Amino acid sequence: MLEMHQVTKVYRTELVETHALRSLDLQVKAGEFVAVTGPSGSGKTTFLNIAGLLETFTSGTYRLDGEDVSALNDNQRSRLRNQKIGFIFQSFNLIPDLNLFDNAEVPLRYRGMPAAERKRRIDEALARVGLSARAKHYPAELSGGQQQRAAIARALAGEPKLLLADEPTGNLDSQMARGVLEMLEEINRQGATIVMVTHDPELAARAQRNVHIVDGMATDMIVEPTLVEPALVDPAARAAAPI
Amino acid sequence: MLAHYFRLALVSFRRNKVLTALMVLAIALGIGACMTTLTVFHVLSGDPLPGRSATLFHPQMDPQSKTGYTPGEEPPVQLTRFDAETLLREKKGDRQAAMTGGFVSLTPSRPDVDPFMVPARYTSADMFAMFDMPFEFGRSWSAADDEARARVAVISKEMNQRLFSGENSVGRTLRIDRTDFSVIGVLEDWRPMPKFYDIYAQGGYGQPEGVFLPYATAIDLKMSRSGSLDCWGRDPGGDATGPNAPCTWIQYWVQLDSPEKKAAYLQYLANYSDQQRAAGRFERPTNVKLRDVHQWMEFHRLLPGDVTIQMWLALGFLIVCLLNTVGLLLAKFLRRGNEIGVRRALGASRAEIFRQCLVEAGTIGLAGGVLGLLLALGGLWAVRQRPADYASLAHLDGSMLLLTFALALIASLLAGVLPAWRAMQVPPALQLKSQ
Numbered sequence: 001m002l003e004m005h006q007v008t009k010v011y012r013t014e015l016v017e018t019h020a021l022r023s024l025d026l027q028v029k030a031g032e033f034v035a036v037t038g039p040s041g042s043g044k045t046t047f048l049n050i051a052g053l054l055e056t057f058t059s060g061t062y063r064l065d066g067e068d069v070s071a072l073n074d075n076q077r078s079r080l081r082n083q084k085i086g087f088i089f090q091s092f093n094l095i096p097d098l099n100l101f102d103n104a105e106v107p108l109r110y111r112g113m114p115a116a117e118r119k120r121r122i123d124e125a126l127a128r129v130g131l132s133a134r135a136k137h138y139p140a141e142l143s144g145g146q147q148q149r150a151a152i153a154r155a156l157a158g159e160p161k162l163l164l165a166d167e168p169t170g171n172l173d174s175q176m177a178r179g180v181l182e183m184l185e186e187i188n189r190q191g192a193t194i195v196m197v198t199h200d201p202e203l204a205a206r207a208q209r210n211v212h213i214v215d216g217m218a219t220d221m222i223v224e225p226t227l228v229e230p231a232l233v234d235p236a237a238r239a240a241a242p243i
Numbered sequence: 244m245l246a247h248y249f250r251l252a253l254v255s256f257r258r259n260k261v262l263t264a265l266m267v268l269a270i271a272l273g274i275g276a277c278m279t280t281l282t283v284f285h286v287l288s289g290d291p292l293p294g295r296s297a298t299l300f301h302p303q304m305d306p307q308s309k310t311g312y313t314p315g316e317e318p319p320v321q322l323t324r325f326d327a328e329t330l331l332r333e334k335k336g337d338r339q340a341a342m343t344g345g346f347v348s349l350t351p352s353r354p355d356v357d358p359f360m361v362p363a364r365y366t367s368a369d370m371f372a373m374f375d376m377p378f379e380f381g382r383s384w385s386a387a388d389d390e391a392r393a394r395v396a397v398i399s400k401e402m403n404q405r406l407f408s409g410e411n412s413v414g415r416t417l418r419i420d421r422t423d424f425s426v427i428g429v430l431e432d433w434r435p436m437p438k439f440y441d442i443y444a445q446g447g448y449g450q451p452e453g454v455f456l457p458y459a460t461a462i463d464l465k466m467s468r469s470g471s472l473d474c475w476g477r478d479p480g481g482d483a484t485g486p487n488a489p490c491t492w493i494q495y496w497v498q499l500d501s502p503e504k505k506a507a508y509l510q511y512l513a514n515y516s517d518q519q520r521a522a523g524r525f526e527r528p529t530n531v532k533l534r535d536v537h538q539w540m541e542f543h544r545l546l547p548g549d550v551t552i553q554m555w556l557a558l559g560f561l562i563v564c565l566l567n568t569v570g571l572l573l574a575k576f577l578r579r580g581n582e583i584g585v586r587r588a589l590g591a592s593r594a595e596i597f598r599q600c601l602v603e604a605g606t607i608g609l610a611g612g613v614l615g616l617l618l619a620l621g622g623l624w625a626v627r628q629r630p631a632d633y634a635s636l637a638h639l640d641g642s643m644l645l646l647t648f649a650l651a652l653i654a655s656l657l658a659g660v661l662p663a664w665r666a667m668q669v670p671p672a673l674q675l676k677s678q
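So the sequences go chain by chain: A and B.
Residue 11 in our numbering sits at position 11 of the first sequence; the count goes up by one each step and never skips.
Residue 276 in our numbering sits at position 33 of the second sequence; the count goes up by one each step and never skips.
What the hints contain is simulated information worked out from the structure, not anything from laboratory work.
Mixed in with the good hints there might be a few duds.
Cross-link-like lysine to aspartate or glutamate pairs, in silico, DMTMM-like; alpha carbons within 25 Å at most [as the list claims (entries may be wrong)]:
1. B:Lys400 with B:Asp423
2. B:Lys532 with B:Glu595
3. B:Lys335 with B:Glu595
4. A:Lys161 with B:Glu595
5. B:Lys335 with B:Asp355
6. B:Lys309 with B:Asp517
7. B:Lys400 with B:Asp432
8. B:Lys335 with B:Glu503
9. A:Lys29 with A:Asp200
10. B:Lys260 with A:Asp200
11. A:Lys119 with B:Glu316
12. A:Lys84 with B:Glu595
13. B:Lys532 with B:Asp357
14. A:Lys29 with A:Glu14
15. B:Lys260 with A:Glu67
Incomplete in silico selection of chain B near chain A, CB under 7 Å [claimed, not checked]:
16. Val254
17. Arg258
18. Lys260
19. Asp388
20. Asn411
21. Val569
22. Gly570
23. Ala574
24. Gly580
25. Ala588
26. Leu589
27. Ala672
Just some of the chain B residues that point at chain A, by a computed CB distance under 7 Å [what the hints assert, rightly or not]:
28. Glu401
29. Gly590
30. Ser592
31. Arg593
Predicted, not measured: the structure shown is a model, and the values here were computed from it.
Yeah, the Cβ is synthetic: ideal placement off N, Cα and C, and Gly gets one too.
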């Protein structure tokens with residue numbers, strides 16, 4: 001699903017050159033739940049941004065779902081991001097002026113999807129995170145946990161192959177964090193590949209695999225070798241199964 | 244997607260009411276000032292005879308005495324009666340008309356309407372076809388009527404309304420001064436702007452004539468005339484409007500349908516001038532001019548100078564308003580860096596962000612256009628209160644109405660380009676993490 005080979009990222013200013021990633025090698029297979037950990041400033045977020053095609057890298061190769069993204073232009077990267085990647089952010093990043101339905105609709109509109117199909121997918125995604133009744137509510141009217149579930153619904157509506165989560169429970173209390181994590185685990189069990197950046201060792205321990213980034217380089221550690229059941233990789237089976 | 248962006252723009256307006264109102268007001272003020280002056284400019288500088296102006300020419304020659312002669316000076320604007328009638332008789336153009344203005348008294352047949360004075364034009368028959376004057380009833384008189392000095396009249400639609408309640412008055416009798424005339428035609432609304440054929444009447448923006456009479460008939464009846472009259476030397480007959488009087492007072496227009504005909508006519512004027520000098524009537528060297536309607540209007544500066552200055556000032560003001568709008572839009576878009584970052588993360592390309600911002604700018608422009616239109620209508624009302632000759636003409640027509648919205652839209656889109664460009668450059672990763 002995600003293959004990075006010798007990826008480097010250097011930020012240059014007139015005075016200083018910062019190596020955020022140094023020859024990073026990483027492979028994430030389809031259906032894996034990978035936690036990326038590391039101290040502050042180690043390059044976790046840079047890695048996630050590059051993985052999510054939000055930033056370009058300085059050298060190396062990166063293949064996403066078999067496609068080399070190195071030479072893609074902005075339009076192509078945007079299309080790929082829209083079709084294959086879902087994001088879950090620490091601060092939810094819901095658009096405050098849009099209700100939950102409209103928030104979830106944003107990536108689907110960029111995909112040029114017909115209105116009926118958009119509605120079907122959004123209804124389904126909101127149902128999966130238990131927010132069907134809140135479709136017309138605005139983010140400010142929801143609790144933090146509900147906002148994060150809405151952000152998950154937005155990511156799920158696009159049926160992405162890769163879900164990138166950046167400290168998804170960082171802004172939540174422990175009870176809400178547990179709920180969100182269980183939801184991510186369930187999504188993963190249904191076939192989605194998840195890469196989650198976290199500071200929290202407890203959270204990381206629940207992933208199948210931990211990748212530790214220090215000074216822009218990754219060290220890999222298998223937590224649990226078992227992958228998801230093949231039947232649940234099937235999108236139809238995933239859609240049918242409730243979270 | 245554009246409709247969706249339009250809806251998002253409205254949502255954004257609701258969120259930033261004050262900022263949006265300031266931008267709409269800035270554009271509205273600029274558009275209002277601009278459209279007020281542009282409308283006046285449009286009214287005063289338009290083509291008075293669309294499609295015909297390029298084939299209508301005003302001949303000039305210099306029949307004056309040698310006294311006071313300066314080489315290269317402009318020949319008189321009008322022709323002497325002798326020259327005008329000679330040119331008319333020789334018919335070297337496709338069409339030609341000699342004319343002058345005057346005031347006549349009308350005695351209505353309706354007992355409830357008192358006699359009144361009305362501006363009149365004494366002209367030869369070709370004027371109607373040459374100037375493409377539309378008829379509601381009847382027709383113009385013919386060259387034969389000119390020759391016969393027929394007592395016929397063409398009246399304006401307004402005059403027909405006043406005298407005959409708008410009915411078909413062809414064949415009705417009209418008492419003009421002390422002579423009965425038969426109404427032969429009634430014009431539709433016709434008001435070329437500026438009134439290029441009579442630049443001496445209120446600077447070219449005078450009232451349209453209510454009555455048109457054959458030139459020869461008016462001469463025959465010695466009807467009162469008005470307008471400029473320039474004489475030199477001594478009038479042999481004592482009558483400045485006599486057939487041989489050394490006075491210029493006849494306006495003359497000729498239709499020439501091709502550049503070759505124009506060149507030939509110019510040569511004809513030069514030959515005529517030479518001939519008259521050989522005969523001892525002209526004293527000065529040949530100096531002839533043949534300007535078309537646009538050249539004529541430009542030469543006589545029929546567009547008041549202050550109108551042009553005001554228009555440029557208003558355009559400058561619009562630019563200042565747009566610069567303000569650019570600043571406000573920049574502030575608005577960049578404050579939404581997080582939303583832009585989210586949209587980019589969810590699949591929006593830079594081009595999509597640019598389009599969304601431009602639609603928002605355009606929507607502000609349309610709102611500014613609506614308010615600007617109201618301000619322009621108020622501005623034009625103020626212009627109409629001024630004591631200028633052209634003041635009464637300051638009205639917004641359909642084309643200017645469309646221009647108002649087009650200008651508002653284009654101006655706001657231009658103002659939106661830089662802010663939209665900056666917005667699409669917002670690095671999404673930085674914005675998302677900074678939250």
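Cross-check of the supplied hints:
For the given pair, Lys400 (chain B) sits about 20 Å from Asp423 (chain B) by alpha-carbon distance, which is consistent with the 25 Å threshold. Among the hinted pairs, Lys532 (chain B) with Glu595 (chain B) is inconsistent with the structure: their alpha-carbon atoms are about 60 Å apart, more than 25 Å. Taking the CA atoms of Lys335 (chain B) and Glu595 (chain B), the gap is about 65 Å. The hint is violated against a cut of 25 Å. A hinted pair counts as satisfied when its Cα atoms are at most 25 Å apart, and Lys161 (chain A) with Glu595 (chain B) qualifies at roughly 23 Å.
With a CA separation close to 48 Å, the supplied pair Lys335 (chain B) and Asp355 (chain B) exceeds the 25 Å bound. Restraint check for Lys309 (chain B) and Asp517 (chain B): the C-alpha separation of about 15 Å stays at or below 25 Å, so the hint holds. At roughly 6 Å between alpha-carbon atoms, Lys400 (chain B) and Asp432 (chain B) fall within 25 Å of each other, so this suggested pair holds. Between the alpha carbons of Lys335 (chain B) and Glu503 (chain B) the distance comes to roughly 13 Å, so the proposed pair stays at or under 25 Å and holds.
Restraint check for Lys29 (chain A) and Asp200 (chain A): satisfied, since their Cα atoms lie roughly 23 Å apart, inside the 25 Å limit. Among the hinted pairs, Lys260 (chain B) with Asp200 (chain A) is inconsistent with the structure: their alpha-carbon atoms are about 42 Å apart, more than 25 Å. Proposed proximity of Lys119 (chain A) and Glu316 (chain B) is contradicted: the alpha carbons are some 81 Å apart, above 25 Å. A C-alpha spacing of about 18 Å is found between Lys84 (chain A) and Glu595 (chain B), which places the hinted pair at or below 25 Å, so the restraint holds.
With a C-alpha separation of about 45 Å, the suggested pair Lys532 (chain B) and Asp357 (chain B) falls outside the 25 Å cut-off, and the hint is violated. A distance of roughly 39 Å separates the Cα atoms of Lys29 (chain A) and Glu14 (chain A); the hinted pair therefore is violated under the 25 Å criterion. A distance of roughly 45 Å separates the Cα atoms of Lys260 (chain B) and Glu67 (chain A); the hinted pair therefore is violated under the 25 Å criterion. Because the smallest distance between the Cβ of Val254 (chain B) and any Cβ of chain A comes to about 5 Å, under 7 Å, the interface hint for this residue holds.
Taken as an interface hint, Arg258 (chain B) checks out: its beta carbon lies about 6 Å from the nearest beta carbon of chain A, inside 7 Å. With a least beta-carbon distance of about 13 Å to chain A, the hint placing Lys260 (chain B) at the interface is violated under the 7 Å criterion. For Asp388 (chain B), the shortest C-beta to C-beta distance to chain A is roughly 72 Å, which exceeds 7 Å, and the interface hint is violated. Nearest Cβ of chain A to the Cβ of Asn411 (chain B): about 60 Å, over the 7 Å cut. The hint is violated.
Violation of the interface hint for Val569 (chain B) is found here, the shortest Cβ-Cβ separation to chain A being roughly 23 Å, above the 7 Å cut-off. Because the smallest distance between the Cβ of Gly570 (chain B) and any Cβ of chain A comes to about 23 Å, over 7 Å, the interface hint for this residue is violated. Annotation: Ala574 (chain B) was flagged as interfacial toward chain A, and the flag is violated, the nearest CB pair being 17 Å apart, outside 7 Å. A hinted interface residue such as Gly580 (chain B) counts as satisfied when its beta carbon comes closer than 7 Å to some beta carbon of chain A; here the least separation is about 12 Å, so the hint is violated.
Interface hint at Ala588 (chain B): satisfied, since its Cβ lies 5 Å from the closest Cβ of chain A, which is below the 7 Å cut-off. Interface restraint check for Leu589 (chain B): the shortest CB-CB distance to chain A comes to about 4 Å, inside 7 Å, so the restraint holds. Contact between Ala672 (chain B) and chain A, as hinted, is supported at the beta carbon level, the nearest pair being about 4 Å apart and thus within 7 Å. The interface hint given for Glu401 (chain B) is broken, as the beta carbon of that residue sits about 57 Å from the closest beta carbon of chain A, more than 7 Å.
With a cut of 7 Å, the hint placing Gly590 (chain B) at the interface with chain A holds, because the nearest CB-to-CB distance is about 2 Å. Of the supplied interface hints, the one on Ser592 (chain B) holds, with its beta-carbon coming within about 4 Å of a beta-carbon of chain A, less than 7 Å. Checking Arg593 (chain B) against chain A by beta carbon gives a least distance of about 5 Å; that is within 7 Å, so the hint holds.
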